[in-house]
Amino acid sequence: MIDIEKTAEEITKVIRNFMAAEEFSYINGYMQGVAAEIKIMGSTLLIFLAITSRHFIFPLLLLILSIFLALSSRISPRAYLARFYIIPLFSLVIVLPFAFINADITLHGISISRSGSIYVILFTLRVMAAVACISLLLFTTRFSSILASLRRMRVPSTLVSVMAIVYRYLFTFLTQLNDMLIGRRSRTVAGKRSIRGATRFAGNFMSRILFKSDAVYIAMRARGFDGSMKTFSKKFEWNIPSIAYMGVVAIMVFLWVMTEL
Amino acid sequence: MGNDGIIEAEGIGYIYPDGTLAVEDAHFYLCRGERVAIVGPNGSGKSTFLKILSALMEPSKGKIKFYGRENVKEKELRKRFGVILQNPDDMLFNATVMEDLEFGPSQIGMEREKFEEMLKELDEVFSLSPLLKKPPFKLSEGEKQRVAMACALAIKPEILFLDEPFSALDVGMKRKVVEYLNKLNKEGMAMVTVSHDLSIIPFISDRAYLLNKKMVGEGSVYEILTNEKLLRENGMDALPVVKIASALKMKPLPLTLEEFIERLETK
Chain U
22 MIDIEKTAEE ITKVIRNFMA AEEFSYINGY MQGVAAEIKI MGSTLLIFLA
72 ITSRHFIFPL LLLILSIFLA LSSRISPRAY LARFYIIPLF SLVIVLPFAF
122 INADITLHGI SISRSGSIYV ILFTLRVMAA VACISLLLFT TRFSSILASL
172 RRMRVPSTLV SVMAIVYRYL FTFLTQLNDM LIGRRSRTVA GKRSIRGATR
222 FAGNFMSRIL FKSDAVYIAM RARGFDGSMK TFSKKFEWNI PSIAYMGVVA
272 IMVFLWVMTE L
Chain C
55 MGNDGIIEAE GIGYIYPDGT LAVEDAHFYL CRGERVAIVG PNGSGKSTFL
105 KILSALMEPS KGKIKFYGRE NVKEKELRKR FGVILQNPDD MLFNATVMED
155 LEFGPSQIGM EREKFEEMLK ELDEVFSLSP LLKKPPFKLS EGEKQRVAMA
205 CALAIKPEIL FLDEPFSALD VGMKRKVVEY LNKLNKEGMA MVTVSHDLSI
255 IPFISDRAYL LNKKMVGEGS VYEILTNEKL LRENGMDALP VVKIASALKM
305 KPLPLTLEEF IERLETK
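Going line by line, the protein sequences match chains U and C. Under this note's numbering, think of the first position of the first sequence as 22, with each following residue one higher. Under this note's numbering, think of the first position of the second sequence as 55, with each following residue one higher.
A hint or two may mislead.
Facing chain U, from chain C, some residues (calculated, C-beta under 8 Å) [claimed, not checked]:
1. Glu-112
2. Gly-116
3. Lys-117
4. Tyr-121
5. Asp-143
6. Phe-147
7. Glu-156
8. Ser-160
9. Pro-184
10. Lys-187
11. Ser-194
12. Glu-195
13. Gly-196
By construction, these hints were calculated from the structure, which means they are not laboratory data. Where is the CB? At the ideal position from N, CA and C, for every residue including glycine.
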């Protein structure tokens with residue numbers, strides 16, 4: 022027995038929430054005021070520092086900072102947490118066995134490994150801080166601004182176009198999947214599910230998205246897409262939020278150096 | 055067709071890769087500022103033909119000229135052609151409505167200020183303001199259709215191709231959109247409308263083609279919509295107002311309810 026319908030529905034819900042979060046980028050908050058280039062560079066640097074950190078303190082600080090910045094950007098804490106809890110949770114499940122390999126201490130009757138447990142906590146914290154940081158960037162920056170900034174930062178146009186197309190197709194495919202799920206549920210009488218039904222559903226989905234990808238491509242061409250993604254480019258301008266954010270990043274770099282060296 | 059010719063298509067045929075015949079030996083011409091309709095029953099190849107006319111698909115056979123030339127760069131046409139596809143979901147592929155509206159103008163290199171001016175104008179007609187920050191999947195079907203139309207019009211096209219454009223709009227919005235499209239037409243925009251719903255045709259077209267895989271009829275909107283026999287032979291039904299007026303032996307036949315009432319009142 023396999024409940025592909027429920028799994029697909031859950032995945033759709035999570036990714037749809039992820040997409041819908043772009044509404045926050047239009048709110049007049051602190052991070053929304055920071056120039057996209059500064060945000061991209063700052064976030065990339067902070068994520069790099071978080072994943073290379075050997076101590077708890079830096080990822081923990083970065084996590085607290087991200088939550089604070091999210092609140093100052095008027096992002097609802099619920100929406101923010103809902104967006105990034107899944108990935109760290111998933112990574113925790115993946116690395117959790119390390120806590121029990123070569124057990125050397127006993128805690129409440131459970132044998133665990135001290136070094137393994139530390140690794141599990143550190144790894145999860147790193148992932149949590151990195152995802153919180155990237156979520157903050159995506160919550161507060163319009164996708165088109167990210168693309169425009171990447172182009173201005175001389176990222177190859179092919180890479181930017183691929184990113185844009187993947188993002189767009191993902192979005193339409195999810196709508197398609199959601200429609201299929203609704204259509205299927207509306208005609209489901211008994212709750213009996215089988216592997217054959219699940220594979221048939223997956224097969225149907227694949228052929229539908231193939232058809233849909235053609236339709237979307239035609240629609241993109243109809244509106245002038247010629248293979249290279251163009252966006253309205255807004256000139257880069259220094260402003261107080263951008264300078265303040267750079268200051269925050271500089272402090273975080275200093276803290277990383279202090280804790281790591 | 056003279057210097058005013060925009061599209062000239064002869065002997066157009068299209069067969070899908072699976073062997074399905076969509077269009078066979080169809081012709082079409084369009085001049086600047088014209089309002090033309092292509093009507094036909096379901097599955098008659100109208101949408102495929104529209105995609106060929108708007109240079110989104112290559113015909114399997116036949117010749118098509120744009121602005122008197124056979125080999126025109128697609129890029130050149132995209133700046134002039136606005137296309138509203140039948141399914142608005144295909145047209146709305148961005149994270150927010152605003153990004154969808156920006157997509158076309160930014161691809162053709164329109165200046166931001168010009169786009170913002172256009173957006174103001176479109177907002178008045180399509181009531182876009184409350185939708186701008188929303189993701190398209192959160193919109194109702196009617197809202198999606200309004201946004202899809204605005205997306206195509208945002209580039210200020212020279213020719214607008216519409217595929218079943220009013221199917222999800224309510225009566226009030228339909229009237230408002232028709233008025234706006236006709237205003238744009240008076241300013242020079244040509245329109246090619248594809249529809250199986252004949253009731254809208256008298257409001258947005260002067261000339262019509264009847265397509266049923268082949269081009270089976272051609273003439274003024276009056277000639278096509280009052281030819282009950284031709285419509286019946288091709289799986290379509292004449293408008294109720296035409297049937298009633300025909301039974302009452304009215305001459306000339308009215309094409310809209312408003313015309314019919316006016317005619318009755320003057321009688």
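The hints, checked one at a time:
no., hint, verdict
1, Glu-112, "12 Å, violated"
2, Gly-116, "20 Å, violated"
3, Lys-117, "21 Å, violated"
4, Tyr-121, "18 Å, violated"
5, Asp-143, "6 Å, holds"
6, Phe-147, "4 Å, holds"
7, Glu-156, "6 Å, holds"
8, Ser-160, "5 Å, holds"
9, Pro-184, "12 Å, violated"
10, Lys-187, "4 Å, holds"
11, Ser-194, "14 Å, violated"
12, Glu-195, "12 Å, violated"
13, Gly-196, "17 Å, violated"
In the structure shown, a violation is registered for the earlier hints numbered 1, 2, 3, 4, 9, 11, 12, 13, in ascending order.
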